[in-house]
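Number of protein chains: 2
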Amino acid sequence: MTATPVALDAVPGLRWSPRGYAALSGPLYELAGSLQARFDELAATWAAAPMAFPPFLAVTELQRIDYFGSFPHLASFAVHLDGDEDEMARFAAAPLAADGSAALTSLAPAHEVLTPAACYHLYVHFQGSALAEARYLTTTATCYRREAYYRPLERQWAFTMREVVAMGTGEEVRLFLARAREEVDGLAAAAGLPVRWVRATDPFFRPSTNPQYLMQRIDPTKHELAYGDGLAIGSINLHHDHFGRAFSIEREGIPATTGCVAFGVERWLAAIVREHGPEAENWPDLNGGTDG
Amino acid sequence: MTATPVALDAVPGLRWSPRGYAALSGPLYELAGSLQARFDELAATWAAAPMAFPPFLAVTELQRIDYFGSFPHLASFAVHLDGDEDEMARFAAAPLAADGSAALTSLAPAHEVLTPAACYHLYVHFQGSALAEARYLTTTATCYRREAYYRPLERQWAFTMREVVAMGTGEEVRLFLARAREEVDGLAAAAGLPVRWVRATDPFFRPSTNPQYLMQRIDPTKHELAYGDGLAIGSINLHHDHFGRAFSIEREGIPATTGCVAFGVERWLAAIVREHGPEAENWPDLNGGTDG
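Going line by line, the protein sequences match chains A and B. Letter 71 of the first sequence, counting from 1, is numbered 70 in numbering that gives the first Met the number 0, and no numbers are missing. Letter 219 of the second sequence, counting from 1, is numbered 218 in numbering that gives the first Met the number 0, and no numbers are missing.
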C-alpha cells in the first residue's frame, strides 16, 4: 500500500455520491474494462458461457433460498406508483417530500428485488434442469446491498459483480474452485496486489440464530481474497447442493453442486489505486498479457 | 420483415419474464455485443468519451427538469426497508404478501429513481460547468420505464439504452445530429434493416396539458428511426437549451445546447430477428466492417 492513504473520493475519474454509488470515467473507466478483459480470460479457462440478466430477480425466486430470512437488511426493491391515474396526477403535482425523497404514497406491489448477487440469476435460469455435463457460466451484474455506511469503490449500495459459476458433481465443482483459486492468484500478481485468502462467512441477519451461518462456521465454504487491511476483492464459494436443491437442478441424478468465483470490480479499482497511487501511469498494464 | 411473424419469446437465447424483462445468452448475447461494438465505432466519429454511471439518479436532480410532472407513469424507484431492526425481523419472518409480492410495510425514504434515460446522467455530471469546447460523450445504461403492456425485446420495463451525447453551441449540436443521422443510416443498412425517420414526441403524462409536449408538436426535436410497423429502434433528439438551462451548463456564455442519438439495444435485436429470422446464421455479420 502507498505510504500516504489515497482519498478514494478524490481519484480522477471518480464521482461519488455519499448515498453509496459512483460514476466512472477516464482512466478509472478504462481500468475497469481491462479488469473485465482479464476476468474474461479467466472465464475462458472453462469456456464459460456468458449471459446477460435483467437487473431484478422475482421475490418468489429468492424466497426459495430464504434470502429474506437471511439478508432482509441488505435487500433493495424496484417499485413504481400504482396505475391509478388520479394517483399519478397527485404525484406529478407534488412529487417530493419535505426531506427531498420521492413522495411514494401509493405503490404497486413489489415483485422484484434488485439483484443482490450475480450468480443467483443462473440458478433461477437453470431451475428444473438435469445437467448432462458440468456447466460453466459467467455473468456481470450491478448488485445492490444496503449497508450501515458506504465508502467510495469499497462499500457501495450499487456495485459491479463479475462471476464465473460451475454447476456439476461435487468433484467437478471442487476441481473448478481449486483451479479458479490458482488463476485468481495469478491475476492478483499481475495487478501487483499483495493478497491473502481468508475464511469468511456471509453477512447474515442475526447470525447466531441462523443455521446457514452456523453451518458456514463449522464447514468453511467461503474464502475471500483480502487486500491490505482486509478489503475483500474477490471470493471463492462452495455452495454444496444448496442451490441445486432449492432450484431442482440435478447432476447424475442428485441435486447439483454449485460453486462460484466472484469479483467486486470497484474493489479491484480501490485496491489498485491504494497500492499503486491515483495516477494511471503507475498502474499495472493489465492489457494483453497472460499470467500464471 | 420475414413472411411469418417471429415469436420473439421463442427466439433461442431469450428468456422472457412477462413482467417486462429478459435474459440473453448464446447468439443473441453475442449479437448485442456486436451491436455495441458498432455503436462504439459511431461514438468514435467524435472521439466521444465513455462513462459508466450508477443505476440511479437522485430524485432531486430529476425534479430540476420536472421529470415527475412529465413522466410520473414511467418512473421506477429503488427502495429498501427502513433501518429498524424489529421491522427487519418482522419482514424476515413473513417477507411475502398473499399475491407473492414483497410485504414492504416500512420503507426508508426513496431518494433514487432507477435511470429513465441514459443521457440524464451526463447533464447531472456536467452541471455547473462552463464548456470551453463542445463535449461528446457516450454511455450505456439499463433504463426503466413502466408501460401499460410489455413485449419481449420490444417493450420492456428494463432495457438497455446506448447513447452518444453532444453539449455545445446550437451549431455544434446541429452538426453532430446531422452527422449522427448519416452514420445511423449506414448502421441500419449494415444490419440489413429497412428503416425510415419519423417525427415523434416523448410519451408525456396528460400530454395536452403539458407545455413541453405542445412545444415538441410545434418544433419537432425528436426523430425516431422506425423499423417495420413502427418499432422505434433509435432516436435523434435536439434538446435546445432545456438541459443546459436546468443544470447550468454553459457554452460561450449562454446555456449549452445538447443533443443525443439513442439506441434501444434490445429493439435492434428484435428488428434483426424479425427481419432475418431467429437463426443466427442468417443474421448480418456486424463484426469488423465499416459502413457509410
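Read the hints as simulated data drawn from the structure, not as lab findings. Glycine included, every Cβ here is placed at the ideal spot set by N, Cα and C. Each hint should be verified, as a subset may be incorrect.
Claimed, not checked - According to the in silico footprint, chain A covers these stretches of chain B (three or more CB under 8 Å from chain A):
| id | region |
| --- | --- |
| 1 | 34-46 |
| 2 | 93-102 |
| 3 | 167-180 |
| 4 | 187-201 |
| 5 | 214-224 |
To be verified - Ranges of calculated distance between the beta carbons of each label pair, as one might list FRET restraints:
| id | chain 1 | residue 1 | chain 2 | residue 2 | range |
| --- | --- | --- | --- | --- | --- |
| 6 | B | A97 | A | D218 | 21 to 27 Å |
| 7 | B | P283 | A | P283 | 49 to 55 Å |
| 8 | B | A9 | A | E170 | 35 to 41 Å |
| 9 | B | D83 | A | T104 | 39 to 45 Å |
| 10 | B | E181 | A | E84 | 55 to 61 Å |
| 11 | A | R173 | B | A9 | 20 to 26 Å |
| 12 | A | N281 | B | R63 | 47 to 53 Å |
| 13 | A | A189 | B | A9 | 50 to 56 Å |
| 14 | B | G25 | A | E170 | 43 to 49 Å |
| 15 | B | D184 | A | H239 | 51 to 57 Å |
| 16 | B | A97 | A | N281 | 53 to 59 Å |
To be verified - So, partial list: chain B residues that the calculated Cβ filter (under 10 Å) puts toward chain A:
| id | residue |
| --- | --- |
| 17 | F67 |
| 18 | L73 |
| 19 | L106 |
Hint-by-hint comparison with the structure:
| no. | hint | verdict |
| --- | --- | --- |
| 1 | 34-46 | violated (count 0) |
| 2 | 93-102 | holds (count 7) |
| 3 | 167-180 | violated (count 0) |
| 4 | 187-201 | violated (count 0) |
| 5 | 214-224 | violated (count 0) |
| 6 | B:A97 to A:D218: 21 to 27 Å | 37 Å, violated |
| 7 | B:P283 to A:P283: 49 to 55 Å | 39 Å, violated |
| 8 | B:A9 to A:E170: 35 to 41 Å | 36 Å, holds |
| 9 | B:D83 to A:T104: 39 to 45 Å | 20 Å, violated |
| 10 | B:E181 to A:E84: 55 to 61 Å | 41 Å, violated |
| 11 | A:R173 to B:A9: 20 to 26 Å | 37 Å, violated |
| 12 | A:N281 to B:R63: 47 to 53 Å | 39 Å, violated |
| 13 | A:A189 to B:A9: 50 to 56 Å | 43 Å, violated |
| 14 | B:G25 to A:E170: 43 to 49 Å | 28 Å, violated |
| 15 | B:D184 to A:H239: 51 to 57 Å | 55 Å, holds |
| 16 | B:A97 to A:N281: 53 to 59 Å | 58 Å, holds |
| 17 | F67 | 3 Å, holds |
| 18 | L73 | 8 Å, holds |
| 19 | L106 | 8 Å, holds |
Figure legend: structure checked against the earlier numbered hints; hints not met, in rising order: 1, 3, 4, 5, 6, 7, 9, 10, 11, 12, 13, 14.
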